[in-house]
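All chains, full assembly: derive it from the sequences and hints.
First to last, the sequence lines map onto chains A and B.
For the first sequence, the numbering used here begins at 6 and goes up steadily by one.
For the second sequence, the numbering used here begins at 98 and goes up steadily by one.
The hints are simulated quantities; they were obtained by calculation from the structure and are not laboratory data.
Be aware that one or more of the hints could be misleading.
Calculated lysine-lysine pairs in the DSBU-like style (CA-CA distance at most 35 angstroms, straight line) [what the hints assert, rightly or not]:
1. Lys-166/B - Lys-313/A
2. Lys-204/B - Lys-354/A
3. Lys-398/A - Lys-387/A
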Amino acid sequence: MGRRTVSIVLLVFLAAISLKAQDATFEASVDRNPVGMGEQFTLSLTLGNGGMGGGKNLQLPDLSKFHIMAGPNQSTSMQIINGAVSSSLTYSYVLQPKEMGKLTIGAASIEAGGKKYTTAPLTIEVVKGSPRPKQQANVPDDLNVQIGENLFLKAVVDKSHVMQGEQINLTFKIYTRVSIANYAVNKNPALTGFWGEDTENPKNIALTNETINGKQYRVGVIKRMALFPTQSGTLEISPMELQTVVQVQSRRSADPFDSFFSNPFGQNVNYMVKSEPLKIKVDPLPAGAPSGFKGAVGRFTMNTVVDKKSTRTNEPISLKVNIAGTGNIKLLESPEVDLPTDFEQYTPKVSDNINREEGRISGTKTFEYLLIPRYPGRKVIKPVMFSYFDVAKRDYVTLRSSEIEVTVEQGTAQATPLIAGGAREDIQLLSQDIRFIKVSSGTLSRKGEYVHTSGTFIALLLLPLGCLAGAFVYARRRRSVMMDEIGYRNRKAIKLAQKGLREADVLLKGATPANDQQSSKQKLQFYAEISRALWKYLCDKLNISQADLSIDGTLAMISQRSANTELTASLKSLLESCEMARFAPTSLEVATMRKTYEDAKRLIVELEQTLNTK
Amino acid sequence: MNQNLIIAALLLYGSMLAYSQTPDQAFDHANQLYQQGKLADARDAYEVILNNGYQSGALYYNLGNVYYKSGNIAKAVLNYERARQLVPDDDDLLHNLQLANLMITDKVEPTPRLFILDYWDGIMDAFSLKRITWLAYFLFLAFVGFHTAAILSRSYQGRRLSILCGAVSGLLFISAGFIFVGKMSTSNRHDTAIVMASITTLKNSPDSKSSDAFVLHSGVKVQITDSVNDWIKIRLADGKVGWMERTAAEII
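What follows is the structure, encoded as structure tokens:
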């Protein structure tokens, strides 16, 4: 047994060695082509007859345009057919394309049996991902396709190129060759940029027949709308989605569509129909809109009514502006009413009545203005202006009412502004009355006559000024005199001297010849008086102080100023006799005294003349 | 000058002949009419005195009362304001003017001003032109008198006292002079007016086609800042500015 076993094994090995003679192959393949975007596919790199050792140094091609989802997975297979043995080694990768279009998978290479093998490049076509239609519950794919061919929803517009604000009629129609048990709107179209108004939506759908591509469909209108674009540009009406319940016959039937109507006990299938989106081109309104234009498009008429032509203050009037016609009536804004400024105006009350018959939106819109006149008079409300764009004429039209005239009389109702002061103090004050008139006329004066321009006033003004000036002049003179003391003394000298002499004269008259103590004292006084007057006079006149007095000095000064020697001599004798008398009073007699007095009197006058002339 | 006086005297004589009463008698007569409730007659009587060229604070005040009683608040305010220029500190007048101002439609909130301006106005309102004239005159008299005394005074003490008193009276005289000049300039300016039209729309420019600025009702006091043809530019106490027709307002 041992020897035979060994020989069989050897045989097998020998056989295996003999297989080497066959050439190796290396190929790349994909499981499907084309591939949907987002779908996965398998790339297989197969080395045929690569020998038992398999391949070495597998070089992958550039796979940067794919996601490698899985791999490499290796699998080997060996076949012996009629003694010919073939083997294969497969590397498989699961890939997902990253982009659309034709993608090339380049060459891959591998070494086997000392030789290098390469694959040919592959081209993969990636198409737009078509995720497989979601299968309706219990509905096989083929049935969906079959229904789809026989049931669709269509959106139809009467115009696809309009002016802004122009009416478009949009109709959704269902075309069917199948029996519909029920339907419900799943999604209404989004009408961005439009104002939409439903028109005549029938409760029961009346079906008509229509032939398309040789097939006869039954057609029902699901929805009718009037659209008014509120902006310009290209606007899209998004699809409408309709959930339908379709009756189909049992699948066992040979041909389900032939016997729909004959077999009422069919199967109910849910099916969603969807219309195609529509594009509407909207042109903007032409330039040159009147100032009062507020976007009304269509054709309108206007009529204004005032409920009364005459009123009283604070009693309201109602002004009705009625706009009727076809067009975007719901979008109409209240026209401006230009009121006299003393009218109080409130925001208008708006009511509309819209008629949707015959697919045209028409109707009336009424603006009711409440106006309260606050002041009496004849008031004119300027014409109400309303502008619209006439689509048919392609031009703007301005409607204007006639002027409205209102007569306002003074009403009895108190105007509110009187109370508007509101504060408590104000009301208290209002309850008071004005104070009584002035009984005194308060000195009536001529207009434009002022106190300060009257002559009396000016005189009164000048009077104190005159006094001031007089005082000033007087004070100035007095002051200059006071400043000149020498001159003052000089001028006063004679007066003082004569005053002294008068006193001496009094003493002289009182003197008696009696030679007693009493009379000798009087005589002494007399001489003292004469002497003092003379000296005082000389001091003042010559401007010397009494301390500096001496007979000689004084006489010298006089002789300096006057050449009259006789005068100086008599002055000297007089002064000396006065001195003498004062020291020997008893020998004096009245006659001598009289002579002395007369001499003094004469001398002073002479001196005055002499010294003044100097 | 003499001729003017003669003419004035003749005119005066003529008017006295025509009405055969002195202005004071006419005033008393008008007062009687007022007391009898004959407002229209009283108004005419007062107006006649005014038309003859006479005026006084009491006359304007009484006329304002007549208008107030007849419901013409704007005219009442106008006459009270005229009276105020002559007798600015009359208590009755201020009371009645305040009442009349409460009756007018527009409430104008004055913008806050520098306090010193309010003080100045208060001082100006405290004196009538006549009173400040005489006050200034007596202060002037005192000033001159004290100076005369100072000049003539022999003693140093007396002179010093006189100069001190003279300086004080001089300062007072200068202040009074300022007030007097201020009073004169306000009484000669004629730049305040009362809106007479029951309602008037103020424009942004002196043109009836111009845009509307705001609306005023009768009785509002406005300051005239400019004028063009038949239009005057006015400013309200709250700072609003607009143009109105000259005829819609009457200058105080």
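Going through the hints against the structure:
Restraint check: the Cα-Cα separation between Lys-166/B and Lys-313/A comes to about 34 angstroms, which is no more than 35 angstroms; the hinted pair holds. With a CA separation close to 31 angstroms, the supplied pair Lys-204/B and Lys-354/A stays within the 35 angstroms bound. Proximity of Lys-398/A to Lys-387/A is assessed by CA-CA distance (about 28 angstroms); at most 35 angstroms being required, the pair is judged to hold.
Comparing the model with each numbered hint stated earlier shows that all of them hold.
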